[in-house]
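Each chain, letter by letter, is given below.
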Amino acid sequence: MNEHGNLIASGFAIVRRHRRYVVWFWLLNLALAFLGVAGHGNHVHPILDHSMYADKLLHGFDAAVYLELFARPEMGPERASTAPAVHFAFLFVLLTLLFLPGVLLAYSGEGRLPREEFFRACGRNLWRLIRLTLLFAIIAVPVVGGSFSLHHALVKAAEKSTNELLPFYMMIATLGLIALVMTFLRIWFDLAQLDIVVRDQNMVRKSVAGAWRYSWRFPGRLLGSYIVIAVAACFVPVIGVWVWHVVLPPANVVGAFVVSQAILIVLLWMRFWQRASAAAFYMRAMFVAPVASPPAPVLSPPLSPATPPPGTLPPREQNGIPEI
Amino acid sequence: MAIKRLVFLLLLGYALHVPAQAKSTAAATAGTSPIPDTTSAINSSAPLSQRVVAYDIQAKYDAKSHTLDGRELLTYHNLTGQPLDHFPFHLYLNAFQPTSTFVREAKASGTRDERLGKWKPEFWGADEIKSFEVVGMGDLTSKLHFIQPDDDNVDDKTVAEVVLPNAIPPGEFVQFKIAFHDQFPETVARTGYKRDFVLGGQWFPKVGVWWQGAWNCHQFHATTEFFADFGVYDVKLTVPQYEVMGATGVEVSSVNNSDGTKTVAYHAEDVHDFAWTVGPRFKVGEDSYSGVMGPIKLHILMQPAHWSQEARHARILKESLDRFERWYGPYPYKTLTLVDPEPGSAAGGMEYPTFITGETTWWMPNGLYFPEQVVEHEFGHQYWYGMVATNEFEDAWMDEGINSYTEVKVLDSILGRDTSVLNLFGATAGDRQLQRYEYIEVADLDPISRKAWQYATFGSYGSVTYGKTASVLLTLESVIGEDTMQKAMHVYFMRYRFTHPTPEDFLKTIEEVSGKNLRWYFNPAVYGTQVLDYEVLGLDSWPANWYEKDAKEKKGETIYDSVVMIHRKEDFIFPVAVEVRFDDGEKLREHWDGQDRWVKFTYRRKAKVESAEVDPDHQIQLDRNNFNNSRTAVPKPSPARKLANYWQFASQLLAQCLTWWLV
Numbered sequence: 094m095n096e097h098g099n100l101i102a103s104g105f106a107i108v109r110r111h112r113r114y115v116v117w118f119w120l121l122n123l124a125l126a127f128l129g130v131a132g133h134g135n136h137v138h139p140i141l142d143h144s145m146y147a148d149k150l151l152h153g154f155d156a157a158v159y160l161e162l163f164a165r166p167e168m169g170p171e172r173a174s175t176a177p178a179v180h181f182a183f184l185f186v187l188l189t190l191l192f193l194p195g196v197l198l199a200y201s202g203e204g205r206l207p208r209e210e211f212f213r214a215c216g217r218n219l220w221r222l223i224r225l226t227l228l229f230a231i232i233a234v235p236v237v238g239g240s241f242s243l244h245h246a247l248v249k250a251a252e253k254s255t256n257e258l259l260p261f262y263m264m265i266a267t268l269g270l271i272a273l274v275m276t277f278l279r280i281w282f283d284l285a286q287l288d289i290v291v292r293d294q295n296m297v298r299k300s301v302a303g304a305w306r307y308s309w310r311f312p313g314r315l316l317g318s319y320i321v322i323a324v325a326a327c328f329v330p331v332i333g334v335w336v337w338h339v340v341l342p343p344a345n346v347v348g349a350f351v352v353s354q355a356i357l358i359v360l361l362w363m364r365f366w367q368r369a370s371a372a373a374f375y376m377r378a379m380f381v382a383p384v385a386s387p388p389a390p391v392l393s394p395p396l397s398p399a400t401p402p403p404g405t406l407p408p409r410e411q412n413g414i415p416e417i
Numbered sequence: 005m006a007i008k009r010l011v012f013l014l015l016l017g018y019a020l021h022v023p024a025q026a027k028s029t030a031a032a033t034a035g036t037s038p039i040p041d042t043t044s045a046i047n048s049s050a051p052l053s054q055r056v057v058a059y060d061i062q063a064k065y066d067a068k069s070h071t072l073d074g075r076e077l078l079t080y081h082n083l084t085g086q087p088l089d090h091f092p093f094h095l096y097l098n099a100f101q102p103t104s105t106f107v108r109e110a111k112a113s114g115t116r117d118e119r120l121g122k123w124k125p126e127f128w129g130a131d132e133i134k135s136f137e138v139v140g141m142g143d144l145t146s147k148l149h150f151i152q153p154d155d156d157n158v159d160d161k162t163v164a165e166v167v168l169p170n171a172i173p174p175g176e177f178v179q180f181k182i183a184f185h186d187q188f189p190e191t192v193a194r195t196g197y198k199r200d201f202v203l204g205g206q207w208f209p210k211v212g213v214w215w216q217g218a219w220n221c222h223q224f225h226a227t228t229e230f231f232a233d234f235g236v237y238d239v240k241l242t243v244p245q246y247e248v249m250g251a252t253g254v255e256v257s258s259v260n261n262s263d264g265t266k267t268v269a270y271h272a273e274d275v276h277d278f279a280w281t282v283g284p285r286f287k288v289g290e291d292s293y294s295g296v297m298g299p300i301k302l303h304i305l306m307q308p309a310h311w312s313q314e315a316r317h318a319r320i321l322k323e324s325l326d327r328f329e330r331w332y333g334p335y336p337y338k339t340l341t342l343v344d345p346e347p348g349s350a351a352g353g354m355e356y357p358t359f360i361t362g363e364t365t366w367w368m369p370n371g372l373y374f375p376e377q378v379v380e381h382e383f384g385h386q387y388w389y390g391m392v393a394t395n396e397f398e399d400a401w402m403d404e405g406i407n408s409y410t411e412v413k414v415l416d417s418i419l420g421r422d423t424s425v426l427n428l429f430g431a432t433a434g435d436r437q438l439q440r441y442e443y444i445e446v447a448d449l450d451p452i453s454r455k456a457w458q459y460a461t462f463g464s465y466g467s468v469t470y471g472k473t474a475s476v477l478l479t480l481e482s483v484i485g486e487d488t489m490q491k492a493m494h495v496y497f498m499r500y501r502f503t504h505p506t507p508e509d510f511l512k513t514i515e516e517v518s519g520k521n522l523r524w525y526f527n528p529a530v531y532g533t534q535v536l537d538y539e540v541l542g543l544d545s546w547p548a549n550w551y552e553k554d555a556k557e558k559k560g561e562t563i564y565d566s567v568v569m570i571h572r573k574e575d576f577i578f579p580v581a582v583e584v585r586f587d588d589g590e591k592l593r594e595h596w597d598g599q600d601r602w603v604k605f606t607y608r609r610k611a612k613v614e615s616a617e618v619d620p621d622h623q624i625q626l627d628r629n630n631f632n633n634s635r636t637a638v639p640k641p642s643p644a645r646k647l648a649n650y651w652q653f654a655s656q657l658l659a660q661c662l663t664w665w666l667v
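Chains as they are written, first to last, in our numbering: chain A, 94 to 417; chain B, 5 to 667.
Next comes chain A alone, as it looks inside the complex (with noise of 0.2 angstroms):
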């Protein structure tokens, strides 16, 4: 198996071993998704419930019966069912930002990271992501604004010829460099929390630093990774909706829910599995193992479980990169 097999296997090998982190990010998914559209769910319940029309939803999907109900006034305006989706959609976020310190520490480490580390992972570094998610915004908005701003003008270049079909391939080739583009991005960034977590460090900014180097000088072992998961990840949504439409029956709903968490799950694995593999890259490549015994810190263990044992740690630097 090659590096990039290497570190896809090693990502998945940590995925399962800590598999109930994605449970736990699923449930905290689902929970607030519940609560995000419950408001969606109080409007809709007394129109439906005793509605014989509301047959044409259940044993099938009349797409204008679907927007009769949304032109109904009991409804309310539209942003009353979707705006608290979004809500919840971003506390989403703001709590992965939260527990992530605790998952990147446990995949870094070889055993199960005991309850007490994990939330101190957390709490520790929560200020420090937060500093770091504020850098990402202050370069990836810039590069992927800019990206998108060149889309639109090449596309609109496209659009003056008379192939039909040149807009779309320009569309796609050009929304391909720039998810190209944000993967890059979001690999150095993904190194930069493994190093602001596995090494306890306070300074955001030398981590930022460090995973560029690594970003940079070895753009295609993540890279490839990252992009074969990311590949698997969008035939999940295809096959899970296929399965949804073509298996299950229309009124089946117990079904329907079962499939459509089942595919969720799957894509939350997947960028699980994207992290794990850059950890596994980052414990390989970038962590450096302290030589001599340093002094504990004081509110932090010495993160024993992140060391990989004697024997497994990656060859030494040479001027300050690894062989690997």
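Because the hints were derived from the structure by calculation, they are not lab data. Fair warning: this is a prediction, and the values are worked out from it, not measured in the lab. Among the hints, a few may not be true.
Said to hold, decoys possible - Within a straight-line C-alpha distance of at most 27 angstroms, the following computed DSSO-like cross-link-like pairs (lysine-lysine) qualify:
id	chain 1	residue 1	chain 2	residue 2
1	B	K573	B	K591
2	B	K640	B	K604
3	B	K240	B	K301
4	B	K181	B	K266
5	A	K253	B	K322
6	B	K240	B	K134
7	A	K249	B	K134
8	B	K124	B	K198
9	B	K134	A	K253
10	B	K198	B	K122
11	A	K249	B	K287
12	B	K64	B	K111
13	A	K253	B	K198
14	B	K111	A	K249
15	B	K111	A	K253
16	B	K266	B	K287
17	B	K287	B	K68
18	B	K68	A	K249
19	B	K266	B	K240
20	B	K64	A	K253
21	A	K249	B	K124
22	B	K266	B	K64
23	B	K198	B	K147
24	B	K198	A	K249
25	B	K122	A	K253
26	B	K591	B	K553
27	B	K287	B	K322
28	A	K253	B	K553
29	B	K573	B	K610
Stated by the list, open to error - What the simulated footprint calls covered on chain A by chain B, stretch by stretch (three residues with Cβ under 8 angstroms from a Cβ of chain B suffice, anywhere in the stretch; the number is not a length):
id	stretch
30	118-128
31	239-250
For each residue, glycine too, the CB sits at the ideal point set by N, CA and C.
With chain A's structure known, arrange chain B on it following the hints.
Showing chain B alone in chain A's frame:
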């Protein structure tokens, strides 16, 4: 002496004036030729319409500058029964100028295709009359002046009028020789160019219609379409040789010129407009249909990337022809040209006599019947606009609305009632439901009889003209019966084809065929804004012996008292059927005239009421809210849960996507 001199001068003046007037009138008459009574473009041995006009046009199109120079000889037959001394002309292309009424209205509330956010120089269009001569009366170019019959916008140049020095007597002919120069706009609505494609619609000076005792020649508005007299068209268009061409009527000849151009001649009869298109990349599909009156050639001009959909277009065209000929009447023309216009142009979904434009995309999946819907609709206009030539300015519902009704009927027949627009990945949508959906949000804003440019908003114009009219006529089927309605449509078509009927002509035909006075329905539905909404207000059952101590309920034995209450929520009174179902499987049909605000049905039987439903056959398309038309005694939360699951999934997916990239 002074009096004698004055009398002498008056007599002299009269003596000089009368011969001059007689000479002028004679010149106008003697210089004209009758309108051709040929039948080479129709499957008929005699003309089908009273041919009021004959247009003989020679024009050259410059593909680089999107301009056209043309010379038009218009022969007009005065069949008005009175002398005519002034003539109005439409100059539609002048609508595409920033100060026109069309652009003002489009800026305020949009056109059928888009809302004009920003004016671009490419949107400029013009139809400029270079010279205007009346045969026998000389050059009257200087006498032409713009008029604004609909508003006070003096900058609007879409109607020009000329006052003749001498009136044209009844029954006589007059000929106009007009040289004009067109600048086509980049398509804003219906006409113009996009890249190397052009749709030549409303491109030549066109005389108004003498209708109901006056000239009817409205300015071009953002929401209005057209109105013109029937006649004969002979058009010779010179275009670059590489262009593929399609046009109204029958192609008579095509001659290559030495300068790299070709001149293509077209002839059309018993039509009231002429449109054409050129584009270098069209792929042409040729087909034919055996019509009731004779063979019909079908020309299908497709974009190269849409060629795989040519069979879909041909199929819907032929199926539509089949339904229209069987249900409403024959299609008499020898040709029908369907154009798939340049993507992104605002030229899709447009109708001209024997010439229509469709609309599709390269990725159109098979279960999404948008192209079929557009093609069927535009084909339907061959009947409701093309032959039954109602006034599209004033009675838009009579072409768009009636056509939307027949669109529902035809698409239901071809693609299925609940799947005629969408049948893909388990999702469905029927045209009749979508027509109804269009109107329910603006149900009380405008009557469908409103003049097209006077609607509250563009959205209301579209929703009421198309969606409400279709719903009104579909609901009417429940009153007079589907078969009677179809018969009435057939009688209406056969009686009024090649004429300009009014709304009352249509409504009276329905009353005549059905044998019913339907004013109680037409007044609120056509001329009013009353809203129709019935609901099952409540239903309940309880044991008749509820007061007895220790009484036990036993299915099939216990006697229940039940009540079902129906409520007319709005002000549209309409008789309805109510189906009451009991838990022993029995169904009862009740009928209510809807005159009161509510009605209560009570029962005593060995079964509980399970459900009640107003309009159990689902015929009342005008009901604004279908959800409250029925009520079950026991709630069924599954539909709401199913929708909640969709939202839950979407919400979780959104959260994960955000997290994927942000954290």
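Holds or violated: are the alpha carbons of K68/B and K249/A at most 27 angstroms from each other?
Holds - the C-alpha atoms of K249/A and K68/B are around 22 angstroms apart, at most 27 angstroms.
Within a Cα-Cα threshold of 27 angstroms, do K198/B and K122/B meet the stated pairing?
Distance of about 18 angstroms is within 27 angstroms: holds.
Between the alpha carbons of K134/B and K253/A, is the straight-line distance 27 angstroms or under?
The given pair, whose Cα atoms are some 33 angstroms apart, is violated under the 27 angstroms limit.
Quick one, are K266/B and K64/B close enough, alpha carbons at most 27 angstroms?
The given pair, whose Cα atoms are some 10 angstroms apart, holds under the 27 angstroms limit.
For the pair supplied as a hint, K591/B and K553/B, confirm whether the alpha-carbon distance does not exceed 27 angstroms.
violated (31 angstroms)
Pair hint K266/B and K240/B, alpha-carbon separation not exceeding 27 angstroms
holds (10 angstroms)
Pair hint K198/B and K147/B, alpha-carbon separation not exceeding 27 angstroms
violated (35 angstroms)
Below or equal to 27 angstroms on CA atoms is what counts here, so check K573/B against K591/B.
holds (25 angstroms)
For a C-alpha distance cap of 27 angstroms, please report whether K122/B and K253/A respect it.
Distance of about 19 angstroms is within 27 angstroms: holds.
Hinted pair K64/B and K111/B, Cα distance within 27 angstroms:
Given pair K64/B, K111/B is violated - Cα atoms ~32 angstroms apart, limit 27 angstroms.
Given pair status - K604/B, K640/B, alpha carbons within 27 angstroms:
Between K640/B and K604/B the Cα gap is close to 24 angstroms, so the pair holds against 27 angstroms.
Given the hinted pair K181/B and K266/B, is their Cα-Cα distance within 27 angstroms?
holds (24 angstroms)
The structure is inconsistent with the numbered hints 5, 7, 9, 12, 23, 26, 28, 29 and 31, although it conforms to all the rest.
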